[in-house]
Amino acid sequence: MLLAELRHLFRRRRIQALLVVLALVPIAIVVALKLSGGPTRGEGPTFLNQVTNNGVFAALAALVITLPVFLPLAVSIVAGDAIAGETGLGTMRYLLIRPAGRSRLLAVKAATVVAFCFAATAVVAAAGLIVGSILFPVGRVTTLSGDTLSVWSGIGRIAIAALLVALSLLGLAAISFFASTLTDVAIGAMAATLGILILSGILDAIPQLSAIQPWLFTHNWLSFGDVMRTHITWTGITKNLGLQAGYVVVFTSAAWARFTSRDVLA
Amino acid sequence: MSAPAVDQLHPSAGEPLVPTGTPAIVTEGLTKRFGSVAVVDQLALEVPAGSVFGFLGPNGSGKTTTIRMLLGLISPSAGEVELFGRPMPSASDEVLPQVGALVEGPACYPWLTGKQNLERIDAAGPHGERSTRPARIALALERVGLSAAQDKKFKAYSLGMRQRLGLASALLRPRRMLILDEPTNGMDPQGTREIRHLIRELAADGTTVFLSSHLLAEIEQVCTHVAMMSLGKLVTQGSLAALQGANAARVEVQTDDVGRAVEILRSLGLEAEVQEGNVRAELGDRRPEDLSHALVTGGVGLRGFTIERPSLEDTFVALTGEGFDVAR
Ligand SMILES: Nc1ncnc2c1ncn2[C@@H]1O[C@H](COP(=O)(O)OP(=O)(O)OP(=O)(O)O)[C@@H](O)[C@H]1O
Ligand SMILES: [Mg+2]
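As given, the protein sequences belong to chains A and B, one line each in that order. In terms of my numbering, the first sequence is residues 1 to 266. In terms of my numbering, the second sequence is residues 1001 to 1328.
If you're looking for bench data, these hints aren't it; they were derived computationally from the structure. Small disclaimer: the values here were computed from a predicted structure and weren't measured. Where is the CB? At the ideal position from N, CA and C, for every residue including glycine. Treat the hints loosely; a few may be bogus.
Covered stretches of chain A, going by a simulated chain B footprint (3 or more residues, C-beta under 8 Å) [said to hold, decoys possible]:
# : stretch
1 : 82-91
2 : 94-107
3 : 252-266
Could you put together the complete structure from these sequences and hints?
This is the structure in structure tokens:
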């Protein structure tokens, strides 16, 4: 059933279009960079100014740029649609009397959402890496610590970074997935999630709230940059992963409690 | 997915779970409240296995709500449901694979074709063996007369075609019971006839068919048993014959010799009277052939001799004292 569900998801035009759009973001930025001759020193987000020296960095820049908005948007569209999309269409009742089994269906849907998080991140990183290497020179990768790594171990680091970004999205995905069990309107679940994302961003920016900031799911999102140190520092990364795991446990449990007991009327 | 293979393509029930004689559906005190309104109220249904059971009631009487509870889609506020002697919804995994259903119309993915929709729903649960899937889908589509439109997108389907696809999905695997909520909704007269034929065919194979409708006349033609709902309450249930018998049939005699006819019928114990120039009487438990014989041997020239059986609608009105309209 999981395979069938994955095929069902990725065969959808809407999902394919979403992935294409995600790929276009880094492509557009790298192309713009090429046309403008590169940013002046010290300007722009991390890694962006290194792209002109080494195309490999385009993958990292792509991750940094899409993580605040584009990736969460895509993930909350898919996670918000996971349950609400079926109840909204009325197909949920036919899945339930099939019988797909409520817990099993929920597990399968959650797995497809996780798969999408990985697919979306991979698309972004791969698109960045590919255009970056086409338009700019590729060479040994300079770490944040100042050493250089071979191209291949540099790409290995980028793969780890992409993995961490995908995992960072899981907390948000769990929130959206839970919202999806609360409503029959997929757009509503997505909008609620984006609202929470924005709220989290705002709270994170208010200095007086430093006490609660470590508990915001967006707080350690950029910790994946630490993999670009010669010796990877794991403290920020593990803090982030622990926090994401917490959000996942809380919100998928809530989704399960809700979905296994609710009346399916639509 | 590890359940025993149900390989036969012909939908004539798999291994019986329970000895025959166990009713297909039993409910006890089944109640569903939305807020303070009991939309289904203390429902005690008994659907004999192998019957074609008509579940009748005006719009809003609680038919769909009952069906949702039968299938475990919503939980009852009170009361119990058993399908084939097994409690629902706890035995869903065991019972539902043997039940095909159409609840409140079909629901499919508009961006998939009819065939792809069936593939998806078949892959979503147990007993959907992949090796037999194409053949089962082709057979189901053929049975509902949709083969020609199988590669059209669902969003391009007409109302009747959608209904047919919903039925096809209920027929994808061998079933012991079909629960069909208004199956002919949106179908043309030809389609309605085809569905009726299909139901008879399934019933002949031993499949129990539970059929909800607000179209009494239509149900009357296929059902062996009937239950009637009004405002969430069960008005009556039983075999069609018993129900129609309970609400007496009438005899009407058309003749020029009215006086003589009345005399003969009265002598047989009927309360005959003249209405609009014809003789009418309640038939009671007398056989029509005895009456016509008595009239003819008594020298009454018959222009017409009719037995009027009350329609289900008449029965409903007689039982509730209300018309067959939306009551809330
Ligand atoms: N979710 C709900 N909340 C509140 N009331 C509801 C809900 N669903 C149904 N009802 C009410 O329950 C009653 C019965 O509805 P139901 O759909 O079971 O009727 P029905 O017999 O299937 O009618 P129809 O012939 O029109 O399909 C109606 O009065 C309806 O307004
Ligand atoms: Mg209904």
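Consistency of the hints with the structure:
A stretch counts as covered by a chain when three or more of its residues have a beta carbon under 8 Å from one of that chain; for the stretch 82-91 of chain A and chain B the count is 3, and the coverage holds. Residues of the stretch 94-107 of chain A lying with their CB closer than 8 Å to a CB of chain B number 9, which satisfies the three-residue condition for coverage. Look at the stretch 252-266 of chain A against chain B: 4 of its residues bring a Cβ nearer than 8 Å to a Cβ of that chain, three or more, so the hint holds.
The structure meets every hint from the earlier list without exception.
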